[in-house]
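Visitor: Those protein sequences? They're chains A and B, same order as listed. Sequential numbering of the first sequence, starting at 1, is according to our numbering. Sequential numbering of the second sequence, starting at 1, is according to our numbering.
Honestly, the hints are just simulated from the structure, not real lab data. A few of these clues could be false.
One copy or two, either will do: identical chains are not told apart, so a pair holds if it fits within one copy or between any two.
Cut-off 20 Å, straight-line C-alpha distance, at most; resulting in silico cross-link-like pairs (SDA-like, lysine to any residue) [unchecked claim]: (1) LYS345 to LEU357; (2) LYS345 to SER175; (3) LYS201 to ALA339; (4) LYS7 to GLU284; (5) LYS201 to ASN337; (6) LYS201 to ILE338; (7) LYS4 to LYS35; (8) LYS345 to GLU177; (9) LYS201 to ARG336; (10) LYS345 to ILE176; (11) LYS82 to GLY110; (12) LYS257 to VAL200.
Number of protein chains: 2
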Amino acid sequence: MKGKHEKYMRLALDMAEKARDKTYPNPMVGAVIVKGGRVVGKGYHKRAGTDHAEVAAIKSAGRKAKGASMYVTLEPCDHYGKTPPCTDAVIKAGIKKVHAAMLDPNPITGGKGVRKLRRSGIAVSVGMCANDARELNRKYIKYITTGLPYVTLKLAQSLDGRIAARDGSSRWITSIEARRYTRRMRPTFDAIMIGSNTAVKDDPFLLDEKRKGYDVSRVVVDSRLRMPLGSNLVRTADRAPLLVATTKLASEGKIRKLQQRRGVDVVTLRSGSSGVSLRALLRELASRGIVNLQVEGGGRLAGSLVDGGLVDEVMMFVAPKLIGGDNLSVKSRGARNIAGAVDLKDVRIERFGRDILVTGRI
Amino acid sequence: MKGKHEKYMRLALDMAEKARDKTYPNPMVGAVIVKGGRVVGKGYHKRAGTDHAEVAAIKSAGRKAKGASMYVTLEPCDHYGKTPPCTDAVIKAGIKKVHAAMLDPNPITGGKGVRKLRRSGIAVSVGMCANDARELNRKYIKYITTGLPYVTLKLAQSLDGRIAARDGSSRWITSIEARRYTRRMRPTFDAIMIGSNTAVKDDPFLLDEKRKGYDVSRVVVDSRLRMPLGSNLVRTADRAPLLVATTKLASEGKIRKLQQRRGVDVVTLRSGSSGVSLRALLRELASRGIVNLQVEGGGRLAGSLVDGGLVDEVMMFVAPKLIGGDNLSVKSRGARNIAGAVDLKDVRIERFGRDILVTGRI
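Just chain A, with the same shape it has in the complex:
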């Protein structure tokens, strides 16, 4: 019997999965409605602003929802956001029983949906396939429980941990296959962040030059506002949002030029140990609905994030070459001893052309 219930919950998880990384700042949610041993409705949350999974499933079930059981990967919400509360829709549809894989991790609203449903006489179970549900929404859970985005540090380094040669150049350490994969992955993030050194030296676009409509927000950490007005990032501020985080060290005149002439979003934040306070910046980004952030270097920004314990996941492309010199991929203060090193978990190894991709969670 339990196996059957789980089968429906897994179907709901599969539904949720269809919108992987497309729903932020909302979680991914899937729902399945079962009646008389048959699936009579299913749905998932496609993106923020559209129907929640429960509502989509109820719509797909139509009148068959009455008296049915619902399997949903997250506790139904009981609050007004861009759409009305799902609890109301569930009650109104005449659902008799709700299986939720996990409670809403939002500390403000968690548990409210379940209580409301129970008060309405609906039987509610919580916890079926909970681990999978948590895994699915681990980025959202980090965001909603800490007020910080989920940070993936993506770097392209040589085997000896360098991201540029002595002349500062980094084009190209990795193969075309690795770079293509990076480009394909970018639209799955809400924003791409780089440091000012990278912005100045590489003068990147951080746009999907091949495909329209796949651009995401770009963030530059630039405590002294060194980025030239004529840089590619600034020149394309009309194509995809560009947020530049700076400190009081920045020239007022340059801030104005960037904002007024170029439409760049300049945010002045407090200083941390070396430039912009990264924790303050991440809070700022989270408050703007950025859940899934990719940091593409350089070494100083990467090192500060690692030292600050602000990285959740690492995607390291390793090119089988030795570069040497001073341009380290992770310029950090470093662990005091080996036990204090930052261990990666769930490590995966893939090959891209001649390069190796090592991914792991912290």
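Chain A is already provided as a structure; the job is to place chain B on it using the hints.
Guide: Just chain B, lined up with the frame of chain A:
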């Protein structure tokens, strides 16, 4: 017909392979004797001082060698070393035809054996399976043509290219599986070399603590002779040779103590750009018959060897963790630009426990 000949040569290569990395400073050689379409004798060179492959094959063929063809992976030698010339043995045995995969790469003796055989009326072909024969003896070929050992740089680093934490400790960055593999591989080298930092900080034995008879020579690069008399390397100088390379900066008194009291082989060499001239040291090691050298770090020694173009192969264990800080795996001046980076070829990726082993040739 050609396929048949190649089959015999491949058998000879397989014979040679049996003594992989055990014959230095001699090459690996295998020989097969064929008569009337049947293999009547085969042999290989087991280690320096024992029968060469041709002689071993002739002995195994006995009187059947007369009128037969020989397939040998390297041109038969025509000089007295620890054993008499193979050419004489081949002629005396009445071999009618010799197929040699490649000429002797020794610039002094190469071609002499073939000329001698031909002058004696034996038909000689050269070049069958030449690539495989060269690949088999690539370490020996490097040694005999350059007067330098074949250098394998073996390092154990974190994903971000560090070999120690801030406190200098490096035990243990890699997993037990990786360390076990390193220990198993050591006896395949003629000597293991480390820098003085590693000798002082890690105080290693560089012995096979688990198995007797598997120890190899140990070499420490120590321009100021910082290594303590009570260090584990010095204390075990009676168990396996210990060579310490130093410069005129070393104290005479300490040299005497190491040599007389401890039986350490201290060699004073000219200084290079940073300490002992590594090229001079490698020449010295080659002159002592060391063909196959493994360098186990630290970062300074590794970097100097890379900068000097003295590394042939890299074995990099990468532990999926971030350590940060200043203890780089390869402390080198570095490539001026990306095109100048040292590329690895024939890259292989293996997993050892949670670690990754990347091997490649330069």
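Visitor: None of the hints should be skipped; say for each whether it holds.
Guide: Status of the hints after comparison with the structure:
no.	hint	result
1	LYS345 to LEU357	both (15 Å within a copy, 17 Å between copies)
2	LYS345 to SER175	between (26 Å within a copy, 14 Å between copies)
3	LYS201 to ALA339	between (35 Å within a copy, 17 Å between copies)
4	LYS7 to GLU284	neither (40 Å within a copy, 70 Å between copies)
5	LYS201 to ASN337	between (33 Å within a copy, 14 Å between copies)
6	LYS201 to ILE338	between (33 Å within a copy, 14 Å between copies)
7	LYS4 to LYS35	within (13 Å within a copy, 72 Å between copies)
8	LYS345 to GLU177	between (25 Å within a copy, 17 Å between copies)
9	LYS201 to ARG336	between (31 Å within a copy, 15 Å between copies)
10	LYS345 to ILE176	between (27 Å within a copy, 17 Å between copies)
11	LYS82 to GLY110	within (18 Å within a copy, 84 Å between copies)
12	LYS257 to VAL200	within (18 Å within a copy, 57 Å between copies)
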